[in-house]
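> Whole structure, please, built from the sequences with the hints as guidance.
Heads up: the sequence lines are chains A and B, in that order.
The numbering used here numbers the first residue of the first sequence as 165 and each following residue consecutively.
The numbering used here numbers the first residue of the second sequence as 4 and each following residue consecutively.
If you are wondering where the hints come from, they were derived from the structure by calculation, not from laboratory data.
Where a beta carbon is used, it is the ideal one built from N, C-alpha and C, also for glycine.
Some hints here could point you the wrong way.
[To be verified] Restraint-style ranges between C-beta atoms, simulated for each label pair:
1. B:PHE159 / A:GLY983: 38 to 46 Å
2. A:ASP243 / B:GLY330: 53 to 61 Å
3. A:GLU993 / B:PHE46: 52 to 60 Å
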Amino acid sequence: MGETKKTYWKGLEQLKNDPAFVKHADKEFAVIGAEEDRGHNRRDFLKMMGFSMAAVSLAACEAPIRKAIPYVVKPVDADAGIPNYYASTYLNGGDYCSIVVKTRDGRPIKIEGNSLSNVTQGGTSAQVEASVLSLYDNYRLRGPKVGTENASWEDLDKQVIAKLSEIASKGGQVRIVSNTVLSPSTLSVIETFKAKYPTTQHIQYDQNSSYGILKANEESFGKQFVPSYDFSKANVIVSVAADFIGTWVSPIEFTKQYAKTREVSEAKREMSRHFQFESNLSLTGANADYRSPIKPSQEGLVVAQLYNLLAAKAGKAALGASIENIKHLEQAATELWEAKGKSLVVAGSNDKAVQTVVNAINDLLGNYGTTILPNKPLNFRKGNDEQFASFVAELESGKVDGVIFYNCNPVYDHVLGGKLAEALKGVSLTVSTSYTEDETSSLSGFKAPDHHYLESWNDAEPKKNSFSLSQPAITQIFKSRQTQESFLTWAGETSSDYFALLQKNWRTWFFEKQNSVADFQTFWDKSLYDGVYELPSDEFAALEFKADLASVGSSIAGNYKAASEGFELAIYENYGVGNGSQANNPLLQELPDPITKATWDNYLTVSQKDAKAKGFSMDDGTVQMGKLNVGGKSVNIPVVVQPGQTIGTIGLALGYGRTKVGKVAENIGTNAYPFLAQVNGSISFNVTEGVNLEVTSETYRIAQTQTHETYMGRENVIQEATLAEFKEKPNAGRDYPKITKWEEKVDPAAVSLWKGHEYKNHHWGMAIDLNTCTGCAACVVACNVENNVSLVGKDEVLRRREMHWLRIDRYYSSDAKPGDFVALEKAAENPEVTFQPMLCQHCNNAPCETVCPVAATTHSTEGLNQMTYNRCIGTRYCANNCPYKVRRFNWFKYHDNQQFYQSNPAMNTDLGRMVLNPEVTVRSRGVMEKCSFCAQRIQTGKLNAKKERRPVKDGEVVTACMAACSTGAILFGDMNDPESKITKLLQIEKDEKRPYGIDKKIGNPRAYRVLEEIGVKPNIFYLTKIRNKDKEKENA
Amino acid sequence: MQASSAIRETLITGGKTVGDVSEDISRQVEGKPTPLWWGAFGFSFILLALGFYSLCVLEWEGVGVWGLNKTVGWAWDITNFVWWVGIGHAGTLISAILLLFRQRWRMSINRAAEAMTIFAVICAATFPFAHMGRLWLGFYWVFPLPNTWGSLWVNFNSPLLWDVFAISTYFSVSLVFWYMGLIPDFAVIRDRAVRTGNKLRASVYNTLSFGWSGGAKTWGRYESVALILAGLSTPLVLSVHTIVSMDFATSVIPGWHTTIFPPYFVAGAIFSGFAMVLTLLIITRKVFKLEDYITIYHIELMNIVIIITGSIVGIAYITEFFVAWYGGVPAEFYAFYNRATGPYWWAYWSMMTCNVISPQLFWFKKIRTNIVATFVLSIIVNIGMWFERFVIIVTSLHRDYLPSSWSMFYPTIYDVGEYVLTFGFFFCAFLLFAKFFPVINMAEVKSIIKSTSEKKH
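Shown next, in the form of structure tokens:
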């Protein structure tokens, strides 16, 4: 083209090479001015469009931004994703537990027992396990309040101090009201406060009062105390209405000791014998070998008669009170006498007369120094009922000018609460330190919220010479302030630093009196690390019983009756909600009562016979409302028919009917505190007169997780025997199902369509001892917290949709003959009770795995049956095909759903969400879930071992339920490890042919698999229930 | 070619000619919908709308709106599913097995029966989808999910997966079979439309008939395809409900885990399918005045099938009980004891009355040739068959192995709503079919008109 000279031009402009033309020459439309006029050209348009499309699509797939701010300077021991553990102390009124708090990224998410403690020995209870959620209670006060207005601490302090000085200047009276204070440092702070305001009195009371024991010991031995008990040394245990496994004084400790006496094995074919005399079927009664129903009005006489029977053997005078025809009482006396010094008699009564006779009995039996240890008094219950009554009287007469309620709620949880509420109106200074705005706090002028115990520094002395420390596991969430600091501030101390005071106290009390550690910091760090500090206990010095038994006898004769007409009300503390202080905790509300299996309510329990006579019935949770009349007070409460309830008695749980408590528990049930009576100066939990109950036409639905009473005589579910049989044959009570083939009958394990798995590495398994399981259900709460199990609320429980991965099945015995299916459905009038923890059995031939169309539930190489939530489409076939019915379906979206805001705050509030375990997925709607054997814990254990290049050690992987079990009834471990505890317990013999196969040879004669005959081969083994009875079915 | 015999019962009455057949059947398609049709369609549509609302609530809120619980994971959903699948059995049985057995009386009823089959299977299929917790992920069923370990396939061990294959196969074969039969009839309507100059209709039916020419070769192919499809469908008639029964039979739940289920389910399915065909045809013949094509003789023959299958079902019920007792498995014995005497005794005895006792009335010729009695009994049979599935599913689940989990099932309004949805769909679809498609196979009926039609006197 170069040689041609011809030029073409588009126009004259090009020919002239006009600058305006040149400027636009490279444009597509080289028209001068046109493009500028248009404002945007095509390319711009394309660019804009491209950008917009990209921006829109990017915006559409953008996840909501949650800010995560990295540490500027990372604390040495804080690693994201790695949990930290802190030893601390659970304190709630007089309830105590030494604990280890698991925190993830600064948030407490789980509580476990501290095995270093000599008191609770690593045990926990449902309430302790659940308390971590109370920390994140949405109803907590956000900061101090004056009246109903938010205030600053400075303002509040100024006003409180002004009021206090005003009272002081005119010589007015100040009262500090609290539950039992276990903390010696707190008591010292109160002393400091008292020193500043000398007219101050500290009044302690307990919801579940043991004042009767304090008084009885004063009369018997000249000193007010509650001794330590050692059930583990008792071969014969007699309890008259003391629910020592559930709620009496120090249940965690007692459960642990009791379980030691209930363990049996081929080598140890002995166990304690436990007699229980009570009105309501309590958890303790459910575990007893012989249980005799008595009326509350007979309690005193039963104890007196027991004394008489023993006194006759000892050649001593009888009391002036007696009762005849109490079943098993004479047998109990005989066996107690034979086990002198190795027996224990306890009573739940709060009547000092009854407790004095109990002391006399134990004295007679020589139990002091062996099973009762007055040298290690317990501090759990120091409440003084008389002092509290006179405090209310003083208030009413206007003699008190200032009241400080230190972490207590007497307006709700004291029988005089109503009077107190009235009287408070006339008091010029009322302060409450409760961390929520409860019934008492809302009536108080100043609300000075304390930290939750997980945010606090504190110490405790639950038992003489046994100390423990509380440390904050989280920085305070709200503008609360440790009450000890408040007291110090109001007392005008220059330093209100409670931590410094605590250290100072420990320095002078303990550090300076020991020689083993040289510097205080080391001593302090060690104590804090352990959580506990023990001093050598005092020597046991023999006590001289010096009570006047004659007057005690006449007091009993006057207060109790051998036979009475009409109903009597026996009020008890519930295992879940307890005294009501943690009522706003849905973990506890949804925890089924171990006996009635009811959730989210309290109710009256009546015997089958009374129900029939009065027209009460119970059908699949539908019950009648009863009109309860107590001394003129009348209230309508649903009535539950309870096997084992003494005829003529009614049971009612404390802890419900709270009015100022938060969304979870508001107006659930009826408050039982106002019904409490008085006896010999103490609060009595029995109302023996003026009780009436009538049926109404109104029906009500009780949300029970189990509505069927008996196990229908199915020996493939529950296998039990008496101790006598067990002694003879260690496999007593075992049921060996056989499969009939053409030629012969064979073991179910011998017939299988499947080739079976090979577990080359671990083979996880679990053993559950039905004999040591008390049914306390701490494991259920632990499992809920560990695995982010949704709480679904009363309506959904009514629809039988609770989500618990682990449940405790409770079965009553029936008097019917096998095969009589209609009669078998009904429990006996006074049944034997069996508890069976039921969770995913991790079957080796799992029926759920074969039926899932998408393979969302599969078998691991270590024997676990695992759920893949992402894969699940929710056909529910697996749940239908589960013979154990342990699979739980997400019927709704339980998280981020207003509908479940009340029942499931842990997944529906920003505060609540902090408790979720980040290692466990929160399940979405339409997904099946179930026990995973705490797969996350197994994984952690394996990773830790891998980092250290060693095999996983036995005991390194502990499931949440096992960790929570105070009695050691649950044992988890590797069945391939010849040294593991579970291998030894089950006596697994090595199978040379198939060492890694699923068919482990189990040598323990007590071990059985539930529903063995269907051949699903679970990895969970149960050990037979053994009752220490002479003959079978002797209870009724 | 057709042999005419004096012994043979007359299949078509009224001395119909070939021309009459075209006229009688096509008239329904060509005429305007009657007010009765509009009323019925309107009502069905309301049911459909209510049901659809209920389905929306279900999908929006979760399966929890139903009354299911931790123990009873299936109830109305799978009951309805099996019930509809069972109903869906009659059509193919009539057109395939009876074709192979050369039962010519099927010709008057197979078209409607096949249509019913297809609609019933669609109704049935809604439940496995609706009952899923996460419907939107339900398509995992089909595709292998690729991942780093290799692709993750569906679980071929699961009877639910077998269901998917069984039902989708059955559905596609039935659909093809049905549609193929329709082609010559569409052509008839097209030809009539061409003659009357209705261009729209002519073009629509021309498309539907794939331009059917009616040549001898075409007819030849038509006949062979019909035979092949009949051969293909025959095992399907037996396989579908066999596989559905395996949802239960392969499980470990007492009351489900029974080897008798496959034949028992197939018999039950034919039983309910015939009953539903009767219900529908008795109405259709009346409304469309097809008494000459669907005669009392047809009805009587179908009633005989009902006696037979009803009795098989009855024997199966008794056998189950015998085996539960004789087998010596306590859990299974209790499951059956509980069925008859437990909290759901009323469901069990409804089932027994409707399924075992009531069809025995057909032994009386008077009853089995009576239209009203047949109509009432056909509905009773389907009520009974619904209870049969409810009894199997709910009473087995509600009390299985561990008494701690025993519970009751209470249906909610949404359980009912999903059932209403399928009724709404079924009737809407059937009404549309009855209006726009020839309800009797004209081509086939014409082939027998010579030999079996009542002669004009």
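> Evaluate each hint against the coordinates.
We went through each hint and held it up to the structure:
| no. | hint | result |
| --- | --- | --- |
| 1 | B:PHE159 / A:GLY983: 38 to 46 Å | holds, 42 Å |
| 2 | A:ASP243 / B:GLY330: 53 to 61 Å | holds, 60 Å |
| 3 | A:GLU993 / B:PHE46: 52 to 60 Å | holds, 57 Å |
Going down the numbered hints, you'll see the structure goes against none, and every one checks out.
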